[in-house]
Structures are given as C-alpha cells and as structure tokens.
Amino acid sequence: MVSSERMLLSGNEAVAHAALDAGIALGAGYPGTPSTEILETFSEIGGRAQWSPNEKVALEVCIGVAYGRSRALATMKHVGLNVAADPLFTAAYSGVDGALVIVTADDPGMASSQNEQDNRHYARAAGLPMLEPSDSQEAYDFFFKAVEISERWKLPVLLRMTTRICHSLTVVHRRPDAEEAPAADYQRDIKGRVMIPAYARGAHVRLREKLSEIADWNEKSGLNQVVEGEKSLGIIADGVAYAHAREAAPDASFLKISMVHPLPIEAIRRFAESVQRCVVIEEGDPYLLERIRAEGVTVEGKPDMYRFGELNVARVRRILAGDTSPEPAPARGKPPQLCQGCPHRTAFEILRDLGCIGTGDIGCYTLGVLPPFEAMDTCVCMGASIGVGLGLRHVLPEEQARKVVSIIGDSTFVHSGITGLVEMIYNPPPTGHVILILDNGTTAMTGMQEHPGTGRKLDHQPTSQVVFEDLARSLGVPNVHVVDPMKQADELRKHLSEALESNELTVIVVRRPCVLAAGKIRQYAQAAEQ
Amino acid sequence: MEAMNRRPEPTVESPVVRTSQMSERSVTNVVFAGLGGQGVLKASDILSDAAFRCGLDVKKSELHGMSQRGGSVTSDVRFGDSVASPMVPIAEADYLVVLSVSEVDFARPLLKENGGVLLTADLINESRLANRRSLNVAMLGALSTFLDIPEEQWHRAIRANLPEKVHEANIEAFNIGREARSRQA
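In the order they appear, the protein sequences are chains E and F. The letter at position 293 of the first sequence is residue 293 when you use my numbering, and the numbering goes up by one with no holes. One rule links them: number in my numbering = place in the second sequence (from 1) + 530.
Treat the hints with care, as some may be off.
[Stated by the list, open to error] If you want a taste of the chain E side facing chain F, the calculated C-beta under 10 Å gives, among others:
id, residue
1, Arg-246
2, Arg-277
3, Cys-379
[Unchecked claim] Pairs of lysine-lysine residues, derived as DSS-like cross-links and limited to a Cα-Cα distance of at most 25 Å, are as follows:
id, chain 1, residue 1, chain 2, residue 2
4, E, Lys-403, E, Lys-494
5, F, Lys-642, E, Lys-334
6, E, Lys-457, F, Lys-695
7, E, Lys-520, F, Lys-642
[What the hints assert, rightly or not] Ranges between beta-carbon positions, derived for each pair:
id, chain 1, residue 1, chain 2, residue 2, range
8, F, His-697, E, Pro-371, 38 to 48 Å
9, E, Asn-115, F, Ser-556, 50 to 60 Å
10, F, Glu-698, E, Met-305, 36 to 46 Å
None of these hints come from the bench; they were simulated from the model. We put the CB at the ideal spot given by N, CA and C, even for glycine.
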C-alpha cells in the first residue's frame, strides 16, 4: 500500500485537495472571506473551477452538474448562502443524481463580514445533512463523507466551515489513491426534478424519509466521537469549539459532534447520562443546546455573553467556570484602511466634499466610511446600495433626496447590482438617481479574484467581458459616463454635481485598476495578446 | 516605518526553560505581529513549515481579509507533540515577534508574563538587508536561535515558501537575524 502524503494545509486547501481526490467534476462559487481559497486552490492543483456572478448562480450550476450524475462543489461564505437559499431549499426536495457538496464558510466574530449568522440553522431549515470539521484533516475526510452521503441518499450535503477552520493550517494525511468519479449521464425523472406542487408534495415526504434514515445512520456512523475522560465533566462540542475545549479541559470526557444535522440524539443522550455534569460548548447561536434540550436531555449551555464573537481557550474556561464577569476588552490594533494610491480615494473625497448621502456596498470601498472620508451612510448586503439609495430618494424631502448617491464596486455590481439598475430604470424617483460604479478591475477585498466584468476567468484566462457602460446604455440610462479618477478628477466632480442637480438617471463608471492588482492585470493582458 | 529606523534600547529578554507538567505544556507558542504588507503571514508560514518538516504537530491561525489593507495583523503558530486549539491563548505566547515597532503595545498582552521572549524589528540593522522586505525572514533568523529546529529545515522552509529569485537574499537575511541574536545573547 502506498503511504499517504503528509501535508500542512489550511481547511480551505484541505477541501480543495479532497475535491480533487474525490473526483469533483466542477467547482463553482463566488469569492467571499473566509471561503475564497477553496476554488483557487482547486484550480491550481488541476481541478475545474469557476467563479459565478453570485452564489445563487453557482449553486444552480452545481445542481445541474449533480442532476447529470456528476460530482459538484459549490463554495460561498455564510451570507452567500442567503443569496443561494432559493435553489437550496428546493434542491433538497428534488435531490440529485450525482453528488453535490455545498461549503458554507461562516465568520463568527466578523473578521471580514457584515454579520455573524450561524448557518447551522440552514441545515435544519432546508432539511439537509450538515457535516462540520474541527481541523483540516477532518475538512479533508468529511468531504469524502459528504460525497458518500450525497450519492447514497441523493441529497445535497452542507459542509460547514468557520473562519478558524478555513484559515488555520493543520496537518493532513492525504489519501494515496484518488476516487474514480462516475461518468455524467442524464436520466429523465420528471416527477423527481420538476417541482410543481403536485410533484413537490411527494418530494417533501421523500426528503423527510431520507433525513430519518440519515439520522439513524448517524447514530452509528462513527463520525461523532466519544473521548473517554473523567466522569465529573462531559463536554459536547462541534467545530473549532471542540479544539478549544480539549485544551481548556484536557481531562474531561468529550462527545464531538461531526454531523450537526440530523443530530445523533441517542448518542448524545447516552453521553449526557454517563457524566455528572454535561456542558455544550459551541460557537455562535445555541443551536446544539436548543436541539438537545428539545429532546429532553439535561445539559448546560453557555451564558448569552459568549454567543457574540469567536470562542477561544480562555472563553471556554470561563464558560466552564460559569464566569459571567465582564471580559477584558480585546486589544484594538490599527484598523484597515484604503491603500495609499487607491483609486477609490478620489471618489470618496468628492462625495465627502459634495455632502452626499452615500448608500454603500460590500468591498474594499466600504472603508470609505472611515476618516478622513466618512463618505458612506449605509451598508447592508451585496447590491443593496442601489435599492436602498432608490428607497431614500423616493421618500426624502427633495433637498435631501438630491444628495443620495449609490456607490457600488465592479464585482458587487455584477453579483447583485444589475437587478438594482433595472429597478432604477423601472421605478425612477422624481429627483432621478445616480450610481457610481467604482470599477477597479478586480474583486479586491477578497484577494484579487476575476469576475464577469474583467473579461477573465478564475484562472485568469480570457473570456467574454460584461461592459458596464454598454449594459447601462442598453437599459436606457440617459447619462452614462466613464472617468479615470486619477486623470479626470475634475470631470468626475462635474458629472456628479450635474447628476445631483438634474432629475435624470445617471451611471458613472469610475474606472482605474486596483493599485495592488494593476501589475498582474497588465501581465494577464499581455499574455492574452501573445 | 520611521520608528523602525531608530535604534532604541534592546527589548529582548532572556529565554526561559519551560517545565513540562502536562502534555499541552510541550507545545511552543509563537505569535507574529505587524502591519498588513510586512510579511507577517509569510513569516508564520515559514516557521510552520520548518516545524512541520521536523515531524511535529503544527497548527497556525490568523485572520485574512480586511486586515490586508494596512491594518494590524497577527498570526499564531503552535507546534509540539500534539496541538489542540489553533489559536495561542492570550498571555500564553512563548515568543512574540513584532515586525513593526508601532505594534508592540497592541501585541504585548499576547506574551506570557513570566519568561516570554519579545523580539522586535529594531533588533535588525535594516541597512544590512539587501531588501527591506526580507525583514520578516531576518526576524525568523533571530527567533531560530531559541528554537530546536535544525538550520537545514529553516532553509528548506524559506526556499519552499518564497520565489526562487529571492532565495539567496532571504537566506542572507536569515543569517543576519541569527547573528543579531547571538550578539544580543
């Protein structure tokens, strides 16, 4: 037997290697910290990976792959699953023919996100199995398990990662032999795949039957490990919280939950009864706690103050000690800021000087909210700048309405700004509106990924390009301008001032490559010419 | 960057010998701190790789994303027989390596109060570096004098984690760091 390769991998890299070794035919997703490196690595090591305009499209493409009896991987950050929730819930009904693994990368503590939603709730809400690794080795191993479950029960499977699992490097023993993936093949199954009400009713019943079978299987799957220790303290934990708890209470007994939906309730009951005190240690919402208590098992949870932010060894020690005294404030370092030479700076200086009400969006440019600019008034979710700006324009007194500007980046515009642009044309406010597309030619915040507006694919090879100004004109926006903020700051100021005074609709594309990406963008362009 | 050219009093303390009472005590905790763009993550990659090449259990943790934009960055590396949590608990770092003098106050609470070793960038005479970007590797050279990792594994890790054209400059920076430490000690 060939000995397995020993590697030091991040959780994201481990998933990518597992995807390759498990014969994933296509990986699709949208960049989002902390999930981005999965598809980048998958592509680098020889997998077929692509960025989609957004997570919904990525998941739909993957559903198609899995309907074709092939194996698919969809990746996204936690809030991306909100975007993809529509196909998610119904794909649970239709099921799949091949395998579909969906990675949701949650961000407790909000290292780089707008909320810290706990996506374990999605597994229960959609009725899908969810596996949760506690290090890179498990991320690798559980991926294969997810493929196995997906093909056995013909269901999409969620693999829930969190920031620390995605980005921590830990040792991984890779399997010596890659799996042979089944050949793609379409088998017609109208009642199984067409979710009209008549067929969906039966599909829902089938879904619940599958979940019941998986719950039975999970009781003895070996996934949820018991670590024998002292009987005075038993700890039930999942994900990275398990690693923290092992260190905080090395002598305790443990039940590590690896499949968080459906839960192995009988194993949990036996474990809780085998120890004198049983504490649930989990990051984020009391998901496990509430499910376990609902089954009539007596366990302790954590005080509500530990629901916020990440857990760590010190916080787990405090939870176990029942310590609810105020925690020492975490040291605050230097906050991030727009880079020196960042082309967004000019736009924010002008927005600030003109006293605009800036409805903002998600990306590097969200940093325009910080001094010395403070030129952003709202930031909700991907694409919201346009809808929120329009809503304000509809109701504010004219004087204020005229100051509202929607500010959106290039990748965000493709992700979910295009529908906002259509809304602007369809329901224009009486004072008109103006959208600034800050086009720096890359998805900068997540680390320079391509998108349909760059004209290059995930691996930086050329493809068709979505041209924002052409798109705006084709929709009937009367005033469309393209300016270089470094060379044409005065034009930008003039166009923006005029747009604010008029009652017309305006789109200004503020185009200049990201200062960090410019060199690479030039290289890709040169390579394409040769 | 201005502060880094000054040469204040040495801040390096003497290392301590740790007793191994429990299994987790055999874990060595290193925290790197600095600003986005200084090579904090690269330094922690190289240390992790060097320890990994010694056959040890290794975990390394940091946050990516917004911190890239010039903000404070820290990275935790833990290695030993068996490592549980990927994060170094506050006040449990055996070694704190700070690449930017401005970050010392922010990062100091991470260091063990008794016997923790603080290594700061002013240890290195930057004018001796062929490229100031290899300050991170010079600091690894200084750190290496405390750790039981063969020099050969450090060199392998440096080569594996950096582009070939800068290998020589970084091996040299590593040696400059080692010398700086031995003069201090």
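How the hints compare with the structure:
Hint status for Arg-246/E: holds, given a least beta-carbon distance of 4 Å to chain F, under 10 Å. Here the hint on Arg-277/E is broken, as its CB sits about 21 Å from the closest CB of chain F, past 10 Å. At about 13 Å, the closest approach between the beta carbon of Cys-379/E and any beta carbon in chain F exceeds 10 Å, and the interface hint on this residue is violated. Our distance criterion of 25 Å between C-alpha atoms is met by Lys-403/E and Lys-494/E, whose separation comes to about 14 Å.
For a cut-off of 25 Å, the pair hint linking Lys-642/F to Lys-334/E stands: about 22 Å separates their Cα positions. At roughly 28 Å between alpha-carbon atoms, Lys-457/E and Lys-695/F are farther apart than 25 Å, so this suggested pair is violated. Of the supplied pair hints, the one linking Lys-520/E and Lys-642/F is violated, its CA atoms being roughly 42 Å apart against a limit of 25 Å. Distance hint check for His-697/F and Pro-371/E: the Cβ-Cβ separation is about 42 Å, which falls inside the suggested range of 38 to 48 Å.
In this structure the supplied range 50 to 60 Å is violated for Asn-115/E paired with Ser-556/F, their Cβ-Cβ distance being about 39 Å. The given range of 36 to 46 Å is broken by Glu-698/F and Met-305/E, whose C-beta atoms sit roughly 52 Å from each other.
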